[in-house]
Structures are given as C-alpha cells and as structure tokens.
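Construct the complete structure from the given sequences, taking the supplied hints into account.
Using the numbering used here, read the sequence shown as starting at 8 and increasing by one per residue.
Don't take every hint at face value.
Unchecked claim - Calculated pairs, DSS-like style, for lysine-lysine (alpha carbon to alpha carbon, straight line, at most 25 Å):
1) K62 to K81
2) K62 to K88
3) K83 to K62
Honestly, the hints are just simulated from the structure, not real lab data. Small disclaimer: the values here were computed from a predicted structure and weren't measured.
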Amino acid sequence: MMWGYGNWSQSTWIPMMILMLAFLLIIIFTVVMLTRYVTPRSIFQDQPEYRNGPKQILRERFARGEIDEDEYLKRKAVLEKDK
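Written as structure tokens, this is what we have:
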C-alpha cells in the first residue's frame, strides 16, 4: 500500500502551486511575444502614415476650407499621376 503518497501538507502544495503559476505565466508570456514577433506590426500599433495618406490630408484640407476646389483638383491630379 502507498499510504505516504496521498498525504500532502501545506509546506508541499503551496510552493508547487506557485511554481505551476510561474510556469503558466512563462508559457503565456512566450506565446504572446512569439505572436508579436511573427505578426505584422500594423496589428499592434497605429501607423498614422497609412491612416492619413496624402489624399486623406488633401480631402481634410479641402473640407476645412484651407484650399479651394481648383487647388484641390490640381493637387489630386498630381497625386494620382505619381502612382
């Protein structure tokens, strides 16, 4: 009979629980860091250069009244020509 194996005292299970939680945290941290390393950066941080491209800035300036319609159309044609 194995009477001694089922007798866990507090001095045994508390450190084992702490070690298991630390191990799980290390695994979670590793998975998160690998995911951040493998996936593109645009998922994790805003990139204003893509969100506010030149056409968007031109539309915003036209909407605010900083430029008139002729200036807007000229600059838009220049931007489309550069593609």
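Hints, verified against the model:
1. The straight-line distance between the Cα atoms of K62 and K81 is roughly 12 Å, inside the 25 Å bound, and the hint therefore holds.
2. Taking the CA atoms of K62 and K88, the gap is about 12 Å. The hint holds against a cut of 25 Å.
3. Pair hint K83 plus K62 holds up; C-alpha atoms about 7 Å apart against a cutoff of 25 Å.
Every hint, counting from the list given before, is met by this structure.
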